[in-house]
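Undergrad: Model the placement of chain B on the given structure of chain A, informed by the hints.
Note that the protein sequences, when read in sequence, are chains A and B.
Residues in the first sequence are numbered consecutively from 230, following the working numbering.
Residues in the second sequence are numbered consecutively from 43, following the working numbering.
Just so you know, these hints were derived from the structure itself, not from any lab.
A few of these clues could be false.
[Said to hold, decoys possible] With a Cα cut of at most 20 Å, we get these calculated SDA-like pairs of lysine to any residue:
#	chain 1	residue 1	chain 2	residue 2
1	A	LYS443	B	GLY164
2	B	LYS115	A	TRP590
3	B	LYS124	A	LEU404
4	A	LYS574	A	TRP590
5	B	LYS115	A	PRO391
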Amino acid sequence: MSLLNHIPKQSADAPLDIAVPMFEDAPLISGNQSFASVTNRIAGVVEGPTPKMWWVLFSFSVSLLMVLVGSVGFLVWEGTGIWGLNNPVGWGWAIVNFVFWVGIGHAGTLISAVLHLFRQKWRTSINRFAEAMTIFAVICALLFPTIHVGRVWVLYWFFPIPNQMSMWPNFRSPLLWDVFAVSIYFTVSLLFWYVGLVPDIATLRDRAKTRAKKIIYGILSLGWRGANRHWRHYELGYLILAGLSTPLVLSVHSVVSTDFATSIVPGWHTTIFPPYFVAGAIFSGFAMVMTLAIIARKAFHMEDFITINHLEKMAKIIMVTGLMVGYAYSMEFFISWYSGNEFEKFAFINRAFGPYAWAYWIMISCNVIIPQMFWSKKLRTNVAVLFVLSIFVNIGMWFERFVIIASSLSRDYLPSSWDYYSPTIWDISTLIGSFGLFFTLFLLFLRFLPMISMAEIKGVLPQANPHHTMYDKPGVAHQSR
Amino acid sequence: MLAEFSDPAALLHGAEKIHCEGYTRFDCHSPFPVHGMDEAMGLTRSPLGYIVFVFGLLGAIGGFFLQTWVHTKAYPLTYAGKPYFSWQAFIIVTFGLMVLAGALSSVLGLFHLSKLPRLFDGLFYSERFAKVSDDGFFISVDVKDPRFDCTETHRFLESIGAINIEVIKSE
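Next comes chain A alone, as it looks inside the complex:
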């Protein structure tokens, strides 16, 4: 039985058939689940013994995390001179990585907030770990500007805190907007994630066997007892958070893009940047969700909850946003020619054929050419193809930020100041280490918290609808128990 069947049927002479569902009528959750089987499958992952594979991956991730700790430690000791920064290229990999990680985060909020507002019920299977991914990606992102300032111990200068020098930050600078946008984004994402988690942590509390688990999950679930007098505030609160997060997520990458767009560097000074960055962020974020979803569903046998249908919908979003990104690339070229500005024209010819042409063409191949494979239904429903393509997109989007930053800065107005930027071993180790931080946090999340929202999955099962036809016949309803 489909979920969409309770939508009232339009009469034959209705002028507009507005009730037609946007997506095909396949069931969201397969395997004929009952409420209890949903709980057992999802909470079972957290309660069961730790798989050996988890330990292997966890040790690997923690090793990478140690690389990050070492690299950042040396950076703080020695200064940003250990990176490959030079005089025209003052923003190197640190800023590339920052923009990359913030972008990754966007898909989580998009799935949890925007799709919630649009009542896209397929999001329930993927929103929990997509939100977790957002939080961990934003943690990685926040790390880079933090260490890029060099003197991390004066970081509090960023915030409007009364201090001994009676100095205040400059609210007219896009760099300060960034501080606010990204840290507020982190806070709101964390709140959203936690609110969604409360009913599920209550499930873990009720099923906990050991005293320690009972206490920890008990405190975290705040005494949740599924009361409808709570659910009514909860549902509205969740909706409001989704409503607040939606403009927020669109603003965050727009603000990040103003770091570039409000400067006068050729190749940066364009008004297309905010929408272009947001589309790119969603593009890369969905690719990362896809990568993680495919690994998680395989590793924990979640094929019933994260169906091929979910993956296909994500592939479609990747393709749409990929086309937007491709459009932005071509529009940048058009405008640089149409503006008649010599410097702009040079910046883009240099981008495609100059010293960083290799990076530019990696970006074009990964972001524009390869996602075209998703036009084929056969390819976008093939898990192996999806997995490989999602990794290509991630690589491509990292290169996009590299191309924007390095190619523009290294060739600005005055040829005598030009220089070529190449990373040092410390740039590379910090980037690799940030993946260690991300995957360590993600693996801990998979181990200790339910990776799929149980309460929401139950809510989209056919038997959750009290007006479902199965309840019209007495006795049939008990099949759900």
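TA: Relative to chain A, chain B alone:
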């Protein structure tokens, strides 16, 4: 008194009837929000929206005035030839602080209205109640309800389709 129901439909009908019967201090417990339950229980829309609106507005106004104060009174410095009161440049942080205040107030407000955190509740004495976060559907009736009467309420709950009824003695 805690009564278990077999499924969301039974819970919804039970809630309708107990509300019609004039009970006021009762609640329905389910592992997920059941559609139409607020109407069945006779609950109005949550007032959370107004709370968030007020706090979001305060966040925006406060944020805007903070920036204005910083750049015109506390630390008036000229950067890049921009005027001290550059209201256009203040909009982004104003918006951010509105969202932050709104989000914090919606979370704190939601827990405040639900009287949470409350780590202990009499209902947790019931072994059976642990199912509420799995696949259990319950109606609880508080002893302080003016219509509460141990035998009468028990009979009434049975008549509306409860499958397990237990009396929880706490305090």
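Undergrad: State the violated hints by number, sorted upward, taking the hints as numbered earlier in the document.
TA: Violated: hint 2 alone.
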